[in-house]
Amino acid sequence: MFVRKQWIGFVPVVIIFAVLFLAPFFVLAIGPIADLTMSTTQFGRDLLILVLLAYYLSAITFIIASWIAYYYNILVVSDERVVEISQNGLFNRSVNELVFEQVEDVSSIVKGMINTIFDLGTLDIQTAGPQRNFVIKDIGRVNDIVAIILDLSSQAKKGIKAIDRMPSLATVGIIGSRLVAKTSNKLPIMNFEMHLKEGARRHSLKIKSPKTLREKFDYWWWTHCNQMNVSFGNGEYGDETKQIDTSVKSVREEDSQNDKKGEMIDL
Amino acid sequence: MNRIIVAVIFLIICAVFLILATFIFYHIGRYSLIGDASKRSYVIYAGSMIMVVLIAAALIVVNHLLT
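First to last, the protein sequences are chains A and B.
Read in numbering that gives the first Met the number 0, the first sequence has 113 at position 114, and its numbers run on one by one without any break.
Read in numbering that gives the first Met the number 0, the second sequence has 10 at position 11, and its numbers run on one by one without any break.
So here's chain B without its partners, still in its complex pose (with noise of 0.2 Å):
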């Protein structure tokens, strides 16, 4: 059940900021067209919170398998 719950909330952080990534893109896509700094910098975002994404799905994976 504990599993369960902790998959749940998992899913929705990530759903939440899913979203809120999605509308950064839509706003960069749209007003970002002087330089490409704009673009980059949204890579640099998306690609740091997949990382804290990954990491925090290895630790969890991680304490179940050592507990």
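If we strip away everything but chain A, and leave its shape as in the complex, we get (with noise of 0.2 Å):
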């Protein structure tokens, strides 16, 4: 399951941006600083365009920052862990994982009418242990969200192996804000761990720049779990990638044929 947050929480930047757009037209058809403008030196009519200048292209960073901040706060639920990357402006990023054995509840909160309306919520995953809890806001798919993790929490409380979690739901998982049904061909999603080995196996054969969405999505985990030091299973990527002998070129092919059976995620 992959999740971004609603569309809908960045509407407000965009509103501002349009009255920062705009503003300065305004001001400046005042008719005091329209004068102001019309009567000034050359001199005084450069600066005003500097001063334009470094506003407009201050607005459009600002629009750039707040969409990088928005665009870039994701949930990953995988059948072995639930992972929350925030990112807050440009310079903030965090990246926080929990296995699903040590989820102790799960719940959501849903106010207000234009959440209701467009179906979001706050997710909030208690943690046994010092961890600290996942507080993930403006998140769509809520009720479906919580629904998942709880099952698959249940699941691996159980005993039942990370390979082997399904959901036992008719909705099975989240990708973006559609929903996939069991009977989706884009099941494997749900056991993309099994896949992150293959991920470092590509990365191994030196697959420097990823070409398809799948190479890409486990190019980026595989990143990700570099820097946050995960293992999977019983070894380091480096034992798993030294028992595969497989060339890059049947890894590529491989690909391609997952593409052409559609088995493919549009993230």
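Quick caveat, the hints were computed from the structure, so don't treat them as lab data.
These numbers were taken from a predicted model, which means no experiment stands behind them.
Be careful, since some hints might not be right.
Stated by the list, open to error - Partner residues aside, some chain B positions facing chain A, computed with beta carbon under 10 Å:
1. Val-5
2. Ile-8
3. Phe-9
4. Cys-13
5. Val-15
6. Phe-16
7. Thr-21
8. Ser-37
9. Tyr-44
10. Ile-54
11. Leu-58
12. His-63
13. Leu-65
Even glycine gets a Cβ: it sits at the ideal position worked out from N, Cα and C.
Assembling the complex is the task here: the two chains are given apart, and the hints tell you how they should meet.
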């Protein structure tokens, strides 16, 4: 499951940008200021142009920085864990992980008319032990997400291995804000941890420029796990990669076959 | 003298925002491996910045030619 914040959360930023964009037109059209700009010297007019230049560049940068802060907030739920990637502004990024065994309780809060209409809510995952709770705001399909996490968590606590875990609900995953039904051909998303090892393999085979979306996802995940020093199963990536003797070509062929089958996930 | 001051301020503004744009480019290049929307939006961002800079430069030149 791969979820971003709902687009509705970005609407206020767009409105602010529209106001910022139009504001100089209104300010300069006001009588006294318009007269001042017309009667000023050449140097004064040049300075006015420079101020407007800096102003518009700042406004454009503001919207891209806000967009990055919105777009890079991601929740990933695999068959092993929940990963929350949180981006606050350009310089503040955090990645938090929680394995299902540590999930104590999951709840959703949907407040207000707009949230109800757009199916938005706050996801609150209570954890066992010293790890901090996960609180993710303005997330779509929050009730479905809660149901899936609770289901996977209870399976984990029963001792079911990650690879065998699958939600017993009609909805087994969410990609973006779309539900993935049990009958969908996009089921592998729930088992993507299995694919991560393949991602490591590809990376170890020096595929430096991921082309397909699968490769991109694996590469991104590999980078993330490498930063977090995460290991899978019994061995580190190194052990995994040593056992596999597959050429780059065959991996790429496998990828393109998966694409043709429709197993590729449109993230 | 005034022309030099205008040119220097213009270049300083461009340099500051160029550094910022480079940092954002680095950021997107590092974290945008899921989907391509971030790269597309960066192209729009850089494109609008260039357009604004060109419009400002053109206005300054026109201002000097008319006076």
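We went through each hint and held it up to the structure:
1. Val-5: 4 Å, holds
2. Ile-8: 5 Å, holds
3. Phe-9: 6 Å, holds
4. Cys-13: Holds. Min distance 8 Å.
5. Val-15: Since chain A brings a Cβ to about 8 Å from B:Val-15, closer than 10 Å, the hint holds.
6. Phe-16: 5 Å, holds
7. Thr-21: With Cβ-Cβ at 12 Å, over 10 Å, it is violated.
8. Ser-37: 6 Å, holds
9. Tyr-44: 4 Å, holds
10. Ile-54: With Cβ-Cβ at 8 Å, under 10 Å, it holds.
11. Leu-58: 5 Å, holds
12. His-63: At 7 Å from the nearest chain A Cβ, B:His-63 passes the 10 Å test, so the hint holds.
13. Leu-65: Holds, about 9 Å.
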